[in-house]
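Please model the complete structure; the sequences and the hints are all you need to start from.
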Amino acid sequence: VPTTTASKDRFYSGKEHMSAWVVPSFGSLEQLQLSESVPIPVINNHKEVVVKVRAASINPIDVSMVGGYGNVLLSAIRQCESFLNVGDESLPCPLILGRDFAGEVVAKGTSVRPDIKIGDIVYGVVPAQQQGCHADLVVASDNLVRHVPEGVPLSEAASLLYCGMTAWCALCITGDLLWSNKEGKKVLIIGGAGGVGSIAVQMLKAWNLQVVATCRTDAIHLLERLGTDVVIDYTAPDAMKNLEHSGKYDIILDCAGNVTHYTYIPFLKDWSNSKYITLRSPLLANTDKFGLMAGMVKNATEIVRSNVISGAPTRGSTIRWAYFLPLETGVEELHTLFTQKKIKPIVKEIFPYQELPKAYAKVGEGHNRGKVVVVRDKE
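When the letters of the sequence shown are read in order and numbered with my numbering, they come out as residues 1 to 379.
Take the hints with a grain of salt, since some may be wrong.
Claimed, not checked - Listed next, the in silico DSBU-like pairs over lysine-lysine satisfying Cα-Cα at most 35 Å (straight line):
id: 1; residue 1: K344; residue 2: K47
id: 2; residue 1: K117; residue 2: K341
id: 3; residue 1: K269; residue 2: K241
id: 4; residue 1: K344; residue 2: K362
id: 5; residue 1: K47; residue 2: K182
id: 6; residue 1: K186; residue 2: K52
id: 7; residue 1: K342; residue 2: K358
id: 8; residue 1: K117; residue 2: K344
As the list claims (entries may be wrong) - Distance windows between CB atoms, simulated:
id: 9; residue 1: P149; residue 2: K348; range: 16 to 24 Å
id: 10; residue 1: D238; residue 2: P114; range: 54 to 62 Å
id: 11; residue 1: K117; residue 2: E16; range: 40 to 48 Å
id: 12; residue 1: I40; residue 2: D270; range: 53 to 61 Å
id: 13; residue 1: E302; residue 2: I40; range: 40 to 48 Å
id: 14; residue 1: G291; residue 2: W271; range: 37 to 45 Å
id: 15; residue 1: T260; residue 2: P149; range: 21 to 29 Å
id: 16; residue 1: K117; residue 2: G151; range: 46 to 54 Å
id: 17; residue 1: I40; residue 2: P313; range: 22 to 30 Å
id: 18; residue 1: R305; residue 2: S25; range: 20 to 28 Å
It should be emphasised that the hints constitute simulated quantities derived from the structure, not laboratory data. Virtual Cβ for every residue (Gly too), placed ideally from N, Cα, C.
Below is the structure:
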């Protein structure tokens, strides 16, 4: 697919390789290696842009993927995309991780949206089956890229879309809020202080919903600043009693997954199509362990079993699994809220690009109050 002549002259002249943090083989975080000889990425279809990365965040899935997490299902998705001529089958290793980013557009396909121009400063997200953004350059679909709002730090813009789209998909797609009347809904966020939870809280408040969220003691003030109606310290002895007192809920979004979901089912509203939604499903782990077909059968069995054993359907409720999906509708809504300053990613810590393994180790520790970001230069 041709790129614009301007972009080729501007950036690619005389350069065939770039710097990237790669995973040559699956294993521990020691597998992360900085390579200066990674081939320049190419545009696979007319709707893609090449972005020179200036900031990128690290998500828990990046840390897990160093060890091969999700490889079976993600490889199958790559093969399907390659067959449809919309992706690259030449993965997984050496693998480049990193899902969301901010930087400068340096090349674009011939059918990219006309508002995206060479030199524009944008932020975006790439799905997990594609090569990531912990590199000099990343290729992204134009429908998953937006202009960075004026005055917003690139570290902040680079922290929004993966967590934001995970939260949006959980609430709007899995939780049906995209199609149902939001008015009067009450939502419980388990783990409200993390990357996904903090964006979920802000989105829900922007929609004027009632929000209860749990967190550790040291994050209470953060959630209060985000506008949470009721904040519950889950380390307190009376935490479950407080949750029950603050319920019942139309949706429970579990961003933590530390307690069996059966614990929360009694807090759902009866016979109102209420939902317990978890982001910690065994979908990818099962396909890794049992293979694609057997793993998907195992997944179907487990979601049915969870609903039956919990008794949720006997109360008019369901247990559901949620995931990140690369949907333009969600990206546009998040961008609108971001531009209107109704949502703001919480950046916990910033590392220089050369210290990316330290950033991975920080995310791997867990219990982060917001996002960990790597930057290529000072903002």
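What hint numbers does the structure not satisfy?
6, 11, 15, 16, 17 and 18
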